[in-house]
Structure formats: C-alpha cells, structure tokens
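Q: Spelled out from the first residue to the last, the chains are:
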Amino acid sequence: MINVKNITKTYGRKQNAFVAIDNLTFKIPSRTTVAILGKSGSGKSTLMHAMSGLDRPEKGKVIIDGKDILRLKDRAVDAFRANKMSFIFQSFFIQANESCFDNVSLPLEIAKVPRSQRRAKVDAALAAVELSDKRKSRARDLSGGQKQRLAIARAIVNEPEIIFADEPTGNLDSVTGAVVEDFLFKYAHDKGAILIIVTHDPDLAAKCDARIEIQDGTISKMTGLPMEGKKK
Amino acid sequence: MRTTDIIRRAGRSLRQAKTRTLLTSLAIGVGAFTITISLAGGQGGRDYADAIVNSNTDVRELVVTKESEDTGAIAEYNPEAPQVTGPAGASPFGDSIEFLGLSDLDAIAGIDNVTDVTPNYSPAVDYVTTEGEKKYRATVSTFSPGVSLEYAAGGVNNDLADDEIVLSEDYAKALGFSTPAEAVGEVVQIGATKQRTLFSVPQREEFGYTVRGVSSESGLAFRSQGSLLVTQEATKGLYEFVSEGSPNYNRFIVASVRVAEPSQAEETKVTLEEAGYTAQTAADLLGTVNTFINVLLGILLGFGALAVLTSIFGIVNTQYISVLERTQQIGLMKALGMSQADVGKLFTFEAAWIGFLGGAIGAGLAVVGGTIANPYISEALGLGDIFLLIFTPVQVLGVIVGLILISIVAGIMPARKASKLDPIEALRTE
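Residue numbers (our numbering), protein chains in the order written: chain Y, 1 to 232; chain S, 233 to 662.
Pulled out of the complex, with its shape left as it was, chain Y reads as follows (with noise of 0.2 Å):
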C-alpha cells in the first residue's frame, strides 16, 4: 500500500516560486493499476517522482509498508528503489550497446543479486515478455515494441512491488502499444503488484482500477480509490 499525505513541491524561489504539486493526499492499496492523468505540466511526473523517492517534496509523507520514504536516508531510499520499484519510460532508456541480458541483469545487479541466481531470473524475465530468442541480441537491433518489451523485462525482473510507467506506450502504434500494455497488467494482475501509469491517453487509464486526475498541481478528480477521512 502506498499512503501519500499532503505533498507539496515548489520549484524555484520568491518571485519565481512554481507549485508543482499541491498538498495531495491519496491512497493506494496493494493489487491495484492506477493512471494519474493530466496534461503535461500538470504535475504528474513530478508526483510519481515524489512517490518513488527520486524527489523529495518539502512537505508531506509518502508511506510504503510502513516506512516515510521522504525520511530515509539517501542509501536507503536508492535501496528501497533497488528492491521494491522499477520503472518503464516513454523512451525505454535502454541500453542499445548492450545485449539483451546484460540490460535485463542490470537491476538485479544493483539490488546485489547473487550471479548464481541472475541469470534464471533474467530468462524467466525475457520470457514473460517473449524475447528468450533476443537474448544475446545487443538492444540497438530490436523493434520500437521489442525495446518497450526489453524495459518490461528489465522493469519486471526483481519482482518489484511496485512499477511506475511513465507514458509507457507514448512512442508505439496503438497495435505495439497495446502488446506492451498486456504484458505490464499481466504482470500486475498476477504478482499482486502496484501498477502507477502516467498517461494522457484516456483509453489506457481506462483500463486501470484507478484514475487520478491531475491539474495545475491538484487533484481535480479520482475515481476507484478509497477516499481518506470521508466519514460524512
């Protein structure tokens, strides 16, 4: 479950002081897909980087089993990300001089993974996402949908608790896009995990549990979600 309470980020100062994200409170239980919609600009990225620890807002918590993420020190914030998180960018950032493998294998290297146990779950990963044949192909040579794939792989290879998608599908053709999309909701259907999308694509929110709806740093509407403190 994550627990996000009153978090508010400002960038710049005085005069030049921009709200990014004001004072938002929501909660996420576990086994949950959510989209938090919004035009860009919104604040959409930044709240998903606030909840993800990359961030740190000046106010507010943002509490992941228990524990403020905001309060951690930075080697356990990047450790939290390292076990508990992964991400998948609209531009896949992967790594195209490398194989298959090697981009795979790189979280689970960075969560100290022992090598004996590395390569299983690496194959299993690239499996999920049918790319057991990609293996020793270096990134550079597959498909705009195979690289998407290669990220769901690299994303989903430590069996994180949590995934944060940001505009997952941004750069594929609605048939790409939509190959893509079914293998992240198979995922999180079937490990219980928390899935946060970041989109503008109604069609994918659509097909979460939740929605968030984000405008000018607030939340302007959120469906599907248990709503804190309504006793009315």
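Note that these hints are calculated values from the structure, not bench results. Glycine included, every Cβ here is placed at the ideal spot set by N, Cα and C. Hints should not be assumed to be uniformly reliable.
Using 30 Å as the maximum straight-line C-alpha spacing, the simulated DSSO-like pairs for lysine-lysine come out as follows [said to hold, decoys possible]: (1) K73/Y x K649/S; (2) K186/Y x K207/Y; (3) K59/Y x K186/Y; (4) K468/S x K112/Y.
Beyond 10 Å from chain Y on every Cβ pair, some chain S residues (computed) [claimed, not checked]: (5) N345; (6) N549; (7) A567; (8) L568; (9) D574; (10) V600; (11) I618; (12) K649.
Got chain Y sorted already, so can you dock chain S onto it with the hints?
A: Relative to the frame of chain Y, chain S by itself:
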C-alpha cells in the same frame, strides 16, 4: 552493487567505445613505455657498472694517491717532497702531482688492517712478440687475483707464476695463434729498454713468459686492462729494469692497498685520509659511476613523467565526455536504485581500466621491444654479452600499478560529476 559487477560493467562500457579507450590508453602507454625503458636502462646500467667495478677491482682493495695540496690554493714549496712538474708528472689540470715515495709505502703498510701495499709499477715496456712474429707495442699490467676475468682458453686460479702471462684474445690473434687454445703453453717475449744507462748506451733485453691463459673479450673489462697480465713480482722486475736510476725511480702516482676484510675498506680509507692520502674504495668507484647513471635515468624518467602528466588530461577529458554522453544511462541506473557511491565507482574503475590498458600496452611494448633490441644495443656499444636493458617484474608491475593509481586520480572529477547527477534531470526526454 557488487564491486566485481561494477568492474565488469566498467570494462564493458570501455569496449563499447573502443577507439576512444584505445587512443586515451595509448597516450598513457607512451609514458609507460618511456618509464619502463628508463627504469630498465637504469637497472641495466647499475648492474653493468656493478659488474665492471667488481670484475676490475677488488672490494678489499683501495686505490691510494698522495693528497695533492688543495686544488685552487697555492701550495708552499717543499724542497724535501719528491715533486715533479712538467710533462712527466703533470696532471691534465695543470696541478702538480705528488708522488708516493718508498717512505709513504712503508707508512701505509704500517696502518692497521693493511695487509699489502703495491705501487702501480706500470713498467714502460717496448713490445711483445713471439718467435717468428712481428713486434707489437704493449702495456704490461699486474694480474690481480681478486679481479674476475673470463677466459677464452686456459685460465688462472690464483696461482699465476712469475714467469707466466695472461694474454688478451686480440694479442693472441696478433701474435699469430689461430685459436686462443693454441697460445696456451707457448712462450712470448716482452722487450724493454733501460731508461738510464751508465754510458747512455741503450740496454735492451727480452723477458720470456709462458702463456697461461687467454682472456676473452668481455664487455666488463676496462680498455686499459686485459692486454698483458703478469704477476706483481714480474711487473716489479720489469719496472726495476726499466726505471732504476731514472729521476722518477720508486716514485709512484698510485698504489693499491689491500685490507684483510672487505668490511675494513671504509675504515681504512678514513685512516689513510687522516694520514694525508687520498683513497678510493671499490664502492666509491661504483658510486661515481652510479651517480652518472642516475642522472641520465632521472632525465629519461622526467620525459616519461611529462608524458604521463599529459595523458592525465586525456583521461579527464575522455571520462568527462563519457559522463556527458551517458547522462541517460547514469540517470537510469540511479532511478533503478544504484547509489551515488556505486556510480562514482563505476567511472573510477573505467579510468582504472584505461590506466591498466595504457600501462600494460606501454610496458609490454617496452619489454618486448627492449628484449629484441638488447643484442643490437650491446653490439653497437660493444658490451659483449651484457644486456643494457634489464626488466625486472617488480618494476614493470610497479609502472602498471602506478599508472592505474594515477588514472584513478585523474578520473575523480568526472566520477564525481557522474555521481552527483540528478536522475530526474538526466531522464528528462525533452
């Protein structure tokens, strides 16, 4: 991240930028090459000097001269002192040389630990010849049992008799012996002229010696040595014959003093100097030669260090560009939970790899090239079978390790930049 994984990833990153890695490494390689060669040259030079001094001098022997009145200061005239100026006794610097008289030799012999005092007789003989051959100009020297010689044929084992001689290969050849072995056992004649005769009638005489051994041409021998060697008694005999009655009879420029134990050489030197003599031990001689070698070595090392210094900027530049190029990769690794320290380590190891590669290439080429060139260098310099470049594993390893450390230092700044990178900024796609 485990260190082994970081090292592997660092190596892989470099392989993906082969040309750049190689070029940067080559810059260090130049430094590594120069340093390795100069260290090998220094080692070889010192070994060579050591060998020369050991095979030409005896560690129990001191070379003694009479201390000349301070150079530069004007000496008081002493009518008692056996002093000669002019062509015969003048040193190349114009100072007059004081001679060691018999009384000096006696005084030196009386010093503690001194077992033997031998003046350098250097009899001025005229020629050497053998039956049916031409006469050749020659210089006779004293055979010193403490000096090691290499023999092409025959040999002396501390038992050279007074009527025996050791010839150099060159003389054996000139005297018509087709092989060195043929000369052994044959008799050669040394001709000498008495300098001062009663009625100024030249008095010539020939002295016969049996060839006991033929010394082979060695890179270790001084040029002046190795021609004709006879026992001390024999040189003395020749000297007496040639010089007796002449003005410089029994006045010697140099005498060699033997002490009982090698360890006493230094102590005796001090005693001799207090008594007004100048003494040089084998160690002194070696020290002089080594100083010269060390200066040359220092100059060469300086060039190597300059090359390394230049290559440091190459590493900084390469690594800096690498960080800029791989901003997204660094951002991703940090997003996936790689710690600042590990990111820093990744780039530090890359720099270390470059240093290792450069060091290995440079030092490797130096060892291979030096080993191939050694025989040619020895031939060109006439060193015989002595090699000038001596590579010791410790030095080669030291050069490589040193360059790895220098590269790591050079990589600190780029590595810091990488570790401080903000992952959010790095992963912005716009």
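Q: So which of those numbered hints doesn't the model satisfy?
A: 3, 4, 7, 8, 9
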